[in-house]
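When the letters of the sequence shown are read in order and numbered with this note's numbering, they come out as residues 25 to 152.
Hints were generated in silico from the structure; no laboratory data involved.
This one's a predicted model, so the numbers in the text were calculated from it and none came from an experiment.
Check the hints yourself; a few may be wrong.
[Claimed, not checked] Under the rule of at most 25 Å between Cα atoms (straight-line distance), these lysine to any residue pairs were calculated in the SDA-like manner: (1) Lys142 x Lys63; (2) Lys68 x Ser49; (3) Lys68 x Phe110; (4) Lys68 x Ile33; (5) Lys63 x Ile85; (6) Lys31 x Gly47; (7) Lys53 x Asn76; (8) Lys31 x Val80; (9) Lys78 x Leu56; (10) Lys142 x Ala100; (11) Lys78 x Gly50; (12) Lys68 x Gly52; (13) Lys68 x Ala100; (14) Lys142 x Tyr123; (15) Lys63 x Gly50; (16) Lys142 x Phe110; (17) Lys68 x Ser54; (18) Lys78 x Ala100; (19) Lys31 x Arg86.
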Amino acid sequence: DGLEILKGISGSAPAGVVLAVMGPSGAGKSTLVDILAGKRKDGKVSGHILLNGKQVHESEIRRAVGFVDQEDTLPATQTVWEAVLFSAMLRLPEAMPIYRVHERVAEVIEMLGLTHCKDRQIGNVTAR
25 DGLEILKGIS
35 GSAPAGVVLA
45 VMGPSGAGKS
55 TLVDILAGKR
65 KDGKVSGHIL
75 LNGKQVHESE
85 IRRAVGFVDQ
95 EDTLPATQTV
105 WEAVLFSAML
115 RLPEAMPIYR
125 VHERVAEVIE
135 MLGLTHCKDR
145 QIGNVTAR
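Required output: the full structure, derived from the provided sequences and hints.
Written out as structure tokens, the structure reads:
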């Protein structure tokens with residue numbers, strides 16, 4: 025009836041951690057993350073997702089989880105701060121005061137361990 029791409033996938037991540045999905049080419053990493061993000065439209069998808077031990081709809085996952093796609097869509101001339109700010113401006117409520125947006129950007133950059141390179145251009149962020 026079709027090729028089974030992912031089967032028996034399970035995992036967990038503690039709150040507040042950055043999680044990397046790693047594996048060889050063709051292992052299904054992008055497929056898995058696309059499904060979790062509600063982006064996969066092809067084929068049949070079955071199963072359920074638990075968030076904090078409760079079954080949730082994919083729209084709830086999108087609000088609680090973020091991921092960096094494998095496609096590099098950020099201009100290399102933007103700084104790390106500018107890239108995170110741009111994303112924040114798209115995701116956060118319009119009514120949020122700009123000072124609060126900047127506070128949130130600083131929190132995210134610190135959480136990701138990028139404070140040391142926040143003012144560097146993305147194309148030049150080599151020292152991690």
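Going down the list of hints, with the structure as the test:
no.: 1; hint: Lys142 x Lys63; verdict: 29 Å, violated
no.: 2; hint: Lys68 x Ser49; verdict: 22 Å, holds
no.: 3; hint: Lys68 x Phe110; verdict: 34 Å, violated
no.: 4; hint: Lys68 x Ile33; verdict: 15 Å, holds
no.: 5; hint: Lys63 x Ile85; verdict: 12 Å, holds
no.: 6; hint: Lys31 x Gly47; verdict: 15 Å, holds
no.: 7; hint: Lys53 x Asn76; verdict: 22 Å, holds
no.: 8; hint: Lys31 x Val80; verdict: 20 Å, holds
no.: 9; hint: Lys78 x Leu56; verdict: 19 Å, holds
no.: 10; hint: Lys142 x Ala100; verdict: 13 Å, holds
no.: 11; hint: Lys78 x Gly50; verdict: 30 Å, violated
no.: 12; hint: Lys68 x Gly52; verdict: 15 Å, holds
no.: 13; hint: Lys68 x Ala100; verdict: 37 Å, violated
no.: 14; hint: Lys142 x Tyr123; verdict: 17 Å, holds
no.: 15; hint: Lys63 x Gly50; verdict: 18 Å, holds
no.: 16; hint: Lys142 x Phe110; verdict: 13 Å, holds
no.: 17; hint: Lys68 x Ser54; verdict: 16 Å, holds
no.: 18; hint: Lys78 x Ala100; verdict: 40 Å, violated
no.: 19; hint: Lys31 x Arg86; verdict: 22 Å, holds
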